[in-house]
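Engineer: If you want the building blocks of each chain, they are given just below.
2 protein chains.
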Amino acid sequence: MRTVQVELGDRSYPIYIGPSLLPETGSYLEKHGLTKKSTHLIVTDEQVAARHLDTLKQSLESQGYTAVVSIVKSGETSKSLAVYEEVMTTAIQGGLDRSSAVLALGGGVVGDLAGFVAATYMRGVKFVQIPTTILAHDSSVGGKVAVNHRLAKNMIGAFHQPELVLYDMDTLQTLPAREVSAGLAEMVKHGLIRDAEFAGWCRDHASELLSLDREALAYGLERGCSIKANVVSADEREGGLRAILNLGHTIGHAIEAVGGYGEFLHGEAISIGMAGSAMLAVKLGRDASIYPETVSMLKALKLPVVLPEHLPTDELIAAMKHDKKFTEGTMVFIVPDRIGEVSIVKDIPEALVREVIEELRRKEPEHV
Amino acid sequence: MRTVQVELGDRSYPIYIGPSLLPETGSYLEKHGLTKKSTHLIVTDEQVAARHLDTLKQSLESQGYTAVVSIVKSGETSKSLAVYEEVMTTAIQGGLDRSSAVLALGGGVVGDLAGFVAATYMRGVKFVQIPTTILAHDSSVGGKVAVNHRLAKNMIGAFHQPELVLYDMDTLQTLPAREVSAGLAEMVKHGLIRDAEFAGWCRDHASELLSLDREALAYGLERGCSIKANVVSADEREGGLRAILNLGHTIGHAIEAVGGYGEFLHGEAISIGMAGSAMLAVKLGRDASIYPETVSMLKALKLPVVLPEHLPTDELIAAMKHDKKFTEGTMVFIVPDRIGEVSIVKDIPEALVREVIEELRRKEPEHV
Ligand SMILES: NC(=O)c1ccc[n+]([C@@H]2O[C@H](COP(=O)([O-])OP(=O)(O)OC[C@H]3O[C@@H](n4cnc5c(N)ncnc54)[C@H](O)[C@@H]3O)[C@@H](O)[C@H]2O)c1
Ligand SMILES: NC(=O)c1ccc[n+]([C@@H]2O[C@H](COP(=O)([O-])OP(=O)(O)OC[C@H]3O[C@@H](n4cnc5c(N)ncnc54)[C@H](O)[C@@H]3O)[C@@H](O)[C@H]2O)c1
Ligand SMILES: [Zn+2]
Ligand SMILES: [Zn+2]
Numbered sequence: 001m002r003t004v005q006v007e008l009g010d011r012s013y014p015i016y017i018g019p020s021l022l023p024e025t026g027s028y029l030e031k032h033g034l035t036k037k038s039t040h041l042i043v044t045d046e047q048v049a050a051r052h053l054d055t056l057k058q059s060l061e062s063q064g065y066t067a068v069v070s071i072v073k074s075g076e077t078s079k080s081l082a083v084y085e086e087v088m089t090t091a092i093q094g095g096l097d098r099s100s101a102v103l104a105l106g107g108g109v110v111g112d113l114a115g116f117v118a119a120t121y122m123r124g125v126k127f128v129q130i131p132t133t134i135l136a137h138d139s140s141v142g143g144k145v146a147v148n149h150r151l152a153k154n155m156i157g158a159f160h161q162p163e164l165v166l167y168d169m170d171t172l173q174t175l176p177a178r179e180v181s182a183g184l185a186e187m188v189k190h191g192l193i194r195d196a197e198f199a200g201w202c203r204d205h206a207s208e209l210l211s212l213d214r215e216a217l218a219y220g221l222e223r224g225c226s227i228k229a230n231v232v233s234a235d236e237r238e239g240g241l242r243a244i245l246n247l248g249h250t251i252g253h254a255i256e257a258v259g260g261y262g263e264f265l266h267g268e269a270i271s272i273g274m275a276g277s278a279m280l281a282v283k284l285g286r287d288a289s290i291y292p293e294t295v296s297m298l299k300a301l302k303l304p305v306v307l308p309e310h311l312p313t314d315e316l317i318a319a320m321k322h323d324k325k326f327t328e329g330t331m332v333f334i335v336p337d338r339i340g341e342v343s344i345v346k347d348i349p350e351a352l353v354r355e356v357i358e359e360l361r362r363k364e365p366e367h368v
Numbered sequence: 001m002r003t004v005q006v007e008l009g010d011r012s013y014p015i016y017i018g019p020s021l022l023p024e025t026g027s028y029l030e031k032h033g034l035t036k037k038s039t040h041l042i043v044t045d046e047q048v049a050a051r052h053l054d055t056l057k058q059s060l061e062s063q064g065y066t067a068v069v070s071i072v073k074s075g076e077t078s079k080s081l082a083v084y085e086e087v088m089t090t091a092i093q094g095g096l097d098r099s100s101a102v103l104a105l106g107g108g109v110v111g112d113l114a115g116f117v118a119a120t121y122m123r124g125v126k127f128v129q130i131p132t133t134i135l136a137h138d139s140s141v142g143g144k145v146a147v148n149h150r151l152a153k154n155m156i157g158a159f160h161q162p163e164l165v166l167y168d169m170d171t172l173q174t175l176p177a178r179e180v181s182a183g184l185a186e187m188v189k190h191g192l193i194r195d196a197e198f199a200g201w202c203r204d205h206a207s208e209l210l211s212l213d214r215e216a217l218a219y220g221l222e223r224g225c226s227i228k229a230n231v232v233s234a235d236e237r238e239g240g241l242r243a244i245l246n247l248g249h250t251i252g253h254a255i256e257a258v259g260g261y262g263e264f265l266h267g268e269a270i271s272i273g274m275a276g277s278a279m280l281a282v283k284l285g286r287d288a289s290i291y292p293e294t295v296s297m298l299k300a301l302k303l304p305v306v307l308p309e310h311l312p313t314d315e316l317i318a319a320m321k322h323d324k325k326f327t328e329g330t331m332v333f334i335v336p337d338r339i340g341e342v343s344i345v346k347d348i349p350e351a352l353v354r355e356v357i358e359e360l361r362r363k364e365p366e367h368v
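Chains as they are written, first to last, in full-length UniProt numbering: chain H, 1 to 368; chain W, 1 to 368.
Calculated directly from the structure, the hints in this document are not laboratory data. Don't take every hint at face value.
Intra- or inter-copy, both count: the list cannot distinguish identical chains.
[Stated by the list, open to error] The list that follows gives simulated cross-link-like pairs (lysine to aspartate or glutamate, DMTMM-like), each with its CA atoms no further than 20 Å apart:
no., residue 1, residue 2
1, K153, E85
2, K299, D213
3, K31, D347
4, K153, D97
5, K283, D235
6, K73, E179
Being a predicted model, the structure only gives us computed values, none of them experimental.
Bound-form chain H, shown alone:
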């Protein structure tokens, strides 16, 4: 088993990564001092519940824990205020009190939703993440929790750090292939922003990662979590450095918004976005190899790098302007300086972004 410690002062917590952890959840909760006198809440989605809920429930029961369960529909639509209210109802009816914990069993959707419930139930109770997707190696570090408003994603939320994260790699074996690739997009992103060697390792071990080889996965998840944890430790509440985690996300979020969430998975959208940021870097005078290098890494992980024709440039630009990463009207981009290093660049001219978007539509980068 590998452990990544997220250092955040008195909000520090461990991420346990390994096989066969889910059946041990009860013992881990005990080790971390969760009370057995209060009822806890498990939040999960239909897909995950069908595969892994029984194991979790049995583990809790065997250690003398009591929990009520809220099963939400799978997919981004569950990150809504309506579903949030339903989960709150289950918590209240289940009699959760201030010593209770909310356990998120699932991917980023369940993690974000359950985390926001934990952050706001009785003004905040304990939170435990049990991620079941690769993408969730990202969402389980940093304490960002949120639901969507119908007008904008992740608009309603909080910072709420978990007590512990229990990452059982065995649960990943049931993930659909497209979700695997999408999750690896955030993994290679962590290499692209802070660790060139790790980015290269992701490309070189792409086939092991895609086939969910446990050795490769364990290392990849550990490095991915560690890199994110370092960034978050330096800037818990996104005052500065933490923005580098948004590499590819400005264009990515616009693609998700204009595509109407559902067409693209988050990881796919930010993959195209990372290709775009690499292209922007070259246009801003960085080394010309950044773009083909980035694209080759993404393609190795079976991720898209070309923007589909049917997303109009004007709509993408408009979506970017609404993106909450624009503070006080200034347009900010995370731009690679080289593979493994990025800068936060302000005042990027709109015309240049348009140019990048147009070029991102070319069927295939010739020179890759």
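Chain H is already provided as a structure; the job is to place chain W with the ligands on it using the hints.
Structural biologist: For chain W with the ligands alone, kept in the frame of chain H given last:
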């Protein structure tokens, strides 16, 4: 002008109390570094908007601030997730960003609602309180913000401290008499838990307070805020000491719940609750004078001290059991040791609480 500083490390903030502050809001925002580049949000209710919104808007405009406004219905029903979502919509449509602030112009309802919006819009933006009720001297100290779930009051919320509180006593002149009394209940409560002299002062100056005499109000609000600020500084997130602020609230919340919010104002309900706690204290062996003393203070402020016949004891007890102040099934009460001092007493037997409730129904305490 009087200033109470709430000491909470890097979340410390001042409460300015005085006449003629509302027209100076723009200058205060400037002094506290609020940006003029972003749009801000004013949340207020219909009653308050009719009387004081124009003054606030003019003050902001005159200093070059831009704000959108969300006017909610007056009353407790606006502390709901549905209204919360509406206010969020106004914030998003108004283009609020991470540098924006949410300004609460109103009483405790608007403060709690707007504060929860501020705590969760884009994971937290700045918050400014502009209280317009006497009760809000309580709600503007301590950072508790919340909305109600249909099953339980204040169940959904956060801790989110304001940047500053601007308490313009002139706005209080338009308060209905019943709201004045209800607000004074929390004021005298602050005396009853920590400052016998202040509790006595409230009784002795009851007629000035009830007639909104500015000198008396200024002193009362300052002492009330100071006492609460001291308690909150010692225990920001309600781990221990802060519970003493709940004097009268266990019975009070039950009265509100069973009476079906609307029959009793919060201050009226806790007034009966404080009479009940004093009675409980005597039954637990404290000095017999505690009860008549407490009752005389409350009556001087035109507050109720007798429980109406139509609230069944069983329902009140059931409501108390659902009250979130019961951690892990134990029944906790704040019990006066003498006027100006209280203890947190655990394991109060249900039978004793029933006895108190029955006696609280007697038309009038004979010996007062
Ligand atoms: N909080 C953060 O810091 C952060 C970071 C990145 C992404 N996110 C959020 O994460 C969300 C995306 O997360 P996600 O990609 O994990 O999505 P997800 O949670 O929707 O999971 C993807 C799909 O896989 C299914 N699934 C999950 N685990 C499975 C398993 N083990 N076996 C079979 N099926 C399984 C789910 O039911 C769902 O249909 C987005 O809402 C995004 O905003 C948050
Ligand atoms: N956050 C906390 O720490 C805390 C503490 C105590 C109470 N509270 C909450 O505060 C709420 C009660 O606050 P409240 O008593 O101020 O209620 P309120 O905000 O509903 O105000 C009472 C009534 O007076 C009206 N009003 C307000 N200011 C006025 C003015 N200047 N002139 C004329 N009318 C005016 C309002 O429209 C409303 O109808 C409850 O929801 C309670 O839970 C919170
Ligand atoms: Zn992402
Ligand atoms: Zn109160």
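Engineer: Look at each hint and say if it fits the structure.
Structural biologist: The hints, checked one at a time:
Taking the shortest alpha-carbon separations for K153 and E85, both the intra-copy value of 17 Å and the inter-copy value of 14 Å come in at or below 20 Å. In this assembly of identical chains, the alpha carbons of K299 and D213 lie at most 20 Å apart only when taken from the same copy (19 Å versus 75 Å across copies). Within a single copy, K31 and D347 get their C-alpha atoms no closer than 49 Å, and across copies no closer than 28 Å, so neither meets the 20 Å cut-off. Within a single copy, K153 and D97 get their C-alpha atoms only as close as 30 Å, which misses the 20 Å cut-off; across copies the closest is 14 Å, which meets it.
When the C-alpha separation of K283 and D235 is checked against a cutoff of 20 Å, the pair qualifies neither within a copy, at 29 Å, nor between copies, at 54 Å. With identical chains, the CA atoms of K73 and E179 are at most 20 Å apart within one copy only, with a shortest distance of 17 Å there and 45 Å across copies.
Hint compliance for this structure: hints 3 and 5 are broken, all remaining hints hold.
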